[in-house]
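J.: Taken in order, these protein sequences are the chains called D and Y. Throughout, the numbering used here is defined as the position within the first sequence, counted from one, plus 1. Throughout, the numbering used here is defined as the position within the second sequence, counted from one, plus 8.
Be careful, since some hints might not be right.
What the hints assert, rightly or not - Part of the chain D face toward chain Y, derived, beta carbon under 8 Å:
#1 15
#2 17
#3 329
#4 340
#5 360
#6 398
#7 415
#8 416
What the hints contain is simulated information worked out from the structure, not anything from laboratory work. Keep in mind that this is a model prediction, so the values were computed, not measured. Virtual Cβ for every residue (Gly too), placed ideally from N, Cα, C.
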Amino acid sequence: MSTVVSNVEVPAGVKLPIYMDNHATSPLDPRVLEAMMPYLTNKFGNAASRNHAFGWEAEAAVDTAREQIAKLIGATAKEIIFTSGATESNNLAIKGIAEMYRERGNHIITQVTEHKAVLDTCKRLEKYGYRVTYLPVKADGLIDIEDLKRAMDDKTILVSIMYANNEIGVIQPIREIGALCHEKGVIFHTDAVQAVGKVPVNVIADNIDVLSLSGHKLYGPKGVGALYVRRRNPRVQIAAQIDGGGHERGMRSGTLNVPGIVGLGKAAEIAQQEMEKEAKYLVSLRDRLKAKLESELDYIHVNGSWEHRLPGNLNMSFVYVEGESLLMGINDVAVSSGSACTSATLEPSYVLKALGLGDDVAHSSIRFGLGRFNTEAEVDYVAAKVIDIVKHLRELSPLYEMVKEGIDLTKIEWQAH
Amino acid sequence: MAYSDKVVDHYNNPRNVGTLDKSAQEVGTGLVGAPECGDVMRLQIRVNPETQVIEEAKFKTFGCGSAIASSSLATEWIQGRTVEDALAIKNTDIVKELSLPPVKIHCSVLAEDAIRAAIGDWKKKNGVAETAPAAATSAH
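Using the sequences and the hints given, assemble the complete structure.
T.: This is how it looks when you write it as C-alpha cells:
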C-alpha cells in the first residue's frame with residue numbers, strides 16, 4: 002500500500018509513527034513492566050491462597066498496590082476494589098448501587114457526554130424500571146450545577162458524573178457536585194479514568210463516594226482497574242454483579258489479576274510522584290502545538306473549556322476539512338477524530354454534538370492526546386504535518402473557497418443524503 | 009481503515025482541482041452533499057456547444073479520502089466524453105476502479121450525483137432537453 006506524501010521533514014530523534022492518542026490508551030511505562038515481571042513469572046501465586054508462601058507473596062503484592070492506589074486518590078486501602086478495568090468499575094458502581102438502594106429510590110442522574118460504559122449501563126437500568134436524567138452540558142462541555150440541583154428529587158439515589166471527558170478533556174466541577182450530593186444524601190459516583198494520575202484527585206476533598214479508574218490510561222497495563230468505594234461518611238454499599246468466591250470483600254468475585262494489579266499500583270505510585278512536573282510539561286507541549294497550528298491556519302478552534310481541561314488534551318476543529326481525510330494525510334501520527342467516517346456508526350461524535358456544535362464542525366475535529374513520552378520535537382513535526390495537510394485539503398475544499406468568497410454556507414440549501 | 013493504492017494516489021495527486029466560472033454559458037456546475045453529512049462535492053464541466061464534448065472538468069471536495077478520490081476520478085473519466093457518454097458512468101464503476109469498501113459506497117454515489125447535477129445544470133442553461141429521465145440513484 003502506498004502512503005500519503007508530504008514535504009514535511011522528520012526532525013532528528015523523531016521515530017515514526019508518533020503516538021499522540023493517550024486518551025485511548027497509554028504506553029506501558031518500563032518501570033511498571035519491571036515491577037510486574039516477577040508476578041508474570043516466578044511469583045505466580047493466587048492471592049486467595051491463605052495457607053502457603055506463594056499465596057502470601059501474591060497477597061502482599063496486592064496489598065502494596067492497594068496502598069499505592071489509595072494514596073494517589075486520598076483513600077484508604079480497604080476502600081479499593083480491583084476490577085478488570087473502568088468499564089467493569091462503572092458497571093459495578095452504577096448497577097451495584099441501583100440494586101442496593103432500590104428501596105430508597107429509583108432515580109439516577111448522569112449527563113450526556115459520559116462514556117458509553119456509563120450511558121449504556123444507565124440505559125439498561127431504565128429497562129428495569131429505573132428513571133434516568135441525562136443532564137445537558139453547556140457549550141464549554143461542563144454541566145450547570147443548577148441543572149443538577151433541579152433534577153434531584155426524593156427518589157434520587159445516585160449521581161454519576163465523569164471527572165474529565167475522554168474526548169474534549171474538560172474537567173467537571175466535581176467538588177461542587179459532590180458537595181451538593183452530600184447535602185442531599187445522594188451517592189456520588191465519578192468515572193475518573195482520564196483524570197486519575199493526570200490532575201490531583203482527592204476523594205475526601207472532592208466529596209466523591211465511588212470512583213472508577215483504569216490501569217492503561219495511566220501508563221499501566223490493560224485489563225485491570227479499580228473501584229473506590231467509600232467506607233465512612235457515608236458508608237456506601239454495593240451489590241456484587243459478579244458472584245463467586247467472595248473476593249474483594251464480596252463485591253467482586255474472581256481470582257485477582259496479580260501482575261496487573263502490581264502494575265496498576267506501580268503506575269499509581271509513579272503518577273503521584275511525577276504528576277506535578279508532568280502536568281507542567283504536558284501543558285507546555287499542548288500550548289506549543291496549539292500556538293503553532295493557530296499561527297498558520299485560520300478557521301480552527303478548540304472544542305470545550307480551555308480553562309478546565311486536562312493538561313494533555315487538545316481537541317480542535319479544522320473547519321472545512323473533513324476529519325477522516327485529515328487523519329489519512331497524517332497517517333504517521335496516531336490521533337483520533339470525531340468524524341462520522343471514523344466511527345462504526347457513521348455518526349459524528351455525540352460529545353461534540355452535545356456542545357451544540359454543528360455536525361459539520363464535529364466532522365472536522367481532531368483529538369490530540371499528549372502523554373508522558375511525547376517530545377517537543379514530535380509536537381513540532383505533528384504541527385507542521387497537520388498544517389501541511391490542512392492547507393492541501395482546503396485547496397480541495399469547496400466550502401473553504403465559498404467562505405473565502407463571502408458566501409454564507411448556512412444559507413445554501415444542501416441536499417442532505 | 010486501509011485505503012487502496014488508487015485512493016491514496018488521488019488523495020496525494022488529485023486531478024483537475026479547481027474552479028470554472030459558473031456564470032459562463034458553457035459551464036455546468038453540480039454541488040451535491042451537505043456539510044453536516046461530512047461530504048460536499050462540487051463538480052464543474054465546460055462543454056463544447058458544437059460537439060457536446062466535455063472539454064474541461066474541475067472539482068473541489070470536502071469529505072473523506074474516498075470522496076476526494078471518487079470525485080477526482082470522475083473528472084478524469086468525463087473529460088473528453090460527450091455529455092450523454094458521461095451520463096453512462098455508474099457509481100459501481102467508481103467503486104470497482106477505486107476498490108471502495110462497502111462503507112464508502114456512498115462516496116461513489118455522490119460522485120455520480122455530481123456528474124448528473126453538473127450536466128443537468130449545463131442542459132438547463134443551454135436549453136438542452138433531458139434525453140431520458142436519469143436513472144434514479146440509490147438512496148443514501
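J.: Does each hint fit the structure? Answer for all of them.
T.: Verification of the hints:
no.	hint	result
1	15	22 Å, violated
2	17	17 Å, violated
3	329	4 Å, holds
4	340	6 Å, holds
5	360	4 Å, holds
6	398	5 Å, holds
7	415	3 Å, holds
8	416	6 Å, holds
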